[in-house]
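Undergrad: Hey, can you work out the whole structure from these sequences and the hints?
Below, each chain spelled out in residue letters.
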Amino acid sequence: MQIEKKTVNIGFNPLTDCAPVVMAAMLGFDEKHGIRIALSRETSWAGVRDKLMTGELDAAHALYGLVYGTQLGIGAQPRDMAVLMNLNRNGQAITLSRRLAEQGATDGASLAALMARNVDENSRQYVFAQTFPTGTHAMWLYYWLAAHGIHPMKDVRAITVPPSQMVYNLVEGHMDGFCAGDPWGHQAVLDGVGVTATTSQQIWPDHPEKVLGASLEFVRAHPNTCRALVAAVLEAGRWIDASDENRRATAEIIAAVPYINTGKAAILPRMLGRYDDGAGHAWRDEHPMCFHQGGQANYPWLSDGMWFMTQFRRWGLLKDDPDYLAVAQSVTQLRLYREAAEMAGVAVPAEVLRSSTLVDGHVWDGTDPEAYAASFPVHMRN
Amino acid sequence: MSRHLRIVLVHPPHESDASLRAAALHAGLMEACYDLVASLPADFHLPEEIARLQPDMIIVDAESDARDVLEHIVVATRDERRPIVMFTEDDKQSSMDAAMEAGVSAYIVAGLKPERIKPVLSVALARFRKEQKLLDELQDTKLKLAERKVVDRAKGLLMSRHGMTEDQAYQRLRTMAMNKKLKLAEIAQRILDVEDLLG
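Chains as they are written, first to last, in full-length UniProt numbering: chain A, 1 to 382; chain B, 1 to 199.
Among the hints, a few may not be true.
[To be verified] Computed list of lysine-lysine pairs in DSSO-like fashion (alpha-carbon distance at most 30 Å, straight line): (1) B/K144 with B/K133; (2) B/K142 with A/K319; (3) B/K130 with A/K319.
[What the hints assert, rightly or not] If the Cβ cut is set under 10 Å, some of the chain B residues that face chain A in the computed set are: (4) D43; (5) F44; (6) H45; (7) P47; (8) A66; (9) R67; (10) E131.
Hint data in this document are derived by calculation from the structure and do not stem from the laboratory. Think of the CB as a built atom: it goes at the ideal place given N, C-alpha and C, for glycine as much as any other residue.
TA: Right under this line is the structure:
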């Protein structure tokens with residue numbers, strides 16, 4: 001097999017779930033498959049998107065919604081994009097400020113109750129931050145607020161703040177809460193400035209999170225390089241998930257300056273599934289961040305991709321219903337994934353849709369996306 | 001379009017805008033007689049400030065993590081887009097072309113000399129306007145097509161219900177539109193609505 005491009009430039013943002021791409025390079029899985037991963041630490045998601053367009057990056061640790069947002073031309077000119085594989089599931093969180101916690105808001109129900117009490121008394125709007133307008137964190141935040149009867153566009157002000165600046169802005173009182181990937185949720189708890197109101201896996205157990213994204217143009221011109229890349233990252237994800245020892249070693253490496261640049265203590269507990277919400281509750285999570293699950297977590301389910309489009313439609317980011325299935329089929333590189341999974345000896349499910357029940361009781365199985373997108377009482381459709 | 005281009009400069013938070021790069025840009029903008037209305041830190045206030053200032057163009061450091069805050073503005077103001085020009089370390093001509101082709105933004109390579117800034121910004125703005133014009137035309141064409149469909153359906157209805165020829169149906173619609181001072185598509189839509197209502 002002729003590898004079209006041996007050195008692959010991979011962008012990542014400093015977050016716990018960049019682990020598989022970092023470890024693929026660290027453990028030499030890239031060389032095993034005949035490529036060399038050159039890692040590039042990025043500081044913004046929009047920057048990742050732009051660099052995938054210009055070819056400065058070949059592929060990247062990316063937000064699911066960013067890939068679909070670009071495909072559909074939300075915020076930028078539409079460009080044909082590709083999801084090569086899923087990198088992880090779970091492991092994000094919504095944090096509420098210590099100040100809100102002291103007023104009794106430590107979860108969705110108590111937040112809704114507090115907001116209902118304060119509705120006339122004071123005109124100050126509650127401010128919540130996410131990390132990118134079409135990103136997963138915006139969608140988790142909106143979904144969770146709406147599930148508790150709080151309209152994310154009308155009852156609160158939603159702003160975009162880079163993940164690494166969340167804790168600082170929470171301390172400064174610039175916002176009341178945020179949704180971001182770990183380690184930032186746990187960092188807020190460690191610093192005693194916030195409480196974990198919910199984890200993303202409480203919103204959707206085993207939800208899709210980051211993907212390995214690329215432009216379709218790159219994938220078409222470099223199929224063998226992409227297959228080798230997916231195989232290498234699959235092996236890295238399998239390695240990380242294989243034992244707590246491996247997770248510890250991973251946390252050690254990704255905490256370092258060139259990667260996340262934070263203390264290992266902010267990363268490791270939640271990677272091991274040990275959660276502390278900062279409000280007196282500690283637990284062993286059944287759905288912590290995972291990178292493999294026998295390949296289930298990496299398989300790019302078409303229903304996973306379609307879900308983000310249903311939420312774009314729900315929140316008015318899309319004015320019309322797209323052809324959900326057709327868009328997901330063109331973005332998701334299923335055949336390429338299957339071939340790469342075979343190279344890495346990873347099992348591939350036979351189905352392309354899966355069924356999940358989300359926090360508000362809605363069942364998402366990908367069979368009728370248009371009806372699903374229209375089924376939510378709290379929405380911003382026009 | 002004789003008024004000066006109103007520009008907002010965005011710099012990373014916790015960092016003054018006095019860097020060498022920013023200094024060169026300031027000088028270039030002054031030379032070009034652009035109106036630098038504000039130099040803002042890229043923090044959570046940014047969307048409000050941009051909404052208040054309504055600049056013609058935004059210039060930002062592409063390597064800044066505040067790029068995502070800006071993306072929020074882009075998405076929130078999709079119906080009144082404006083060009084965003086970015087600094088980058090990537091000096092490959094192909095990258096710059098690709099970025100501008102994509103209409104995402106324009107790229108200025110760091111270390112650019114002040115005297116080069118005006119032409120680069122002018123090109124970026126021209127490209128943006130051209131793209132906007134094309135988008136507007138596309139929107140217009142789509143609307144016209146939709147209107148024609150409505151008129152065709154109303155004509156069809158008149159033809160099948162009242163045995164008119166196509167020409168008679170069209171004349172009838174036009175007369176009704178003129179009498180009621182409505183657009184042809186509007187009168188056609190009303191006829192279809194009545195049909196829906198009464199079956």
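Undergrad: Where does the structure disagree with the numbered hints, that is, which hint numbers, in rising order?
TA: As far as the earlier hints go, not one is violated by this structure.
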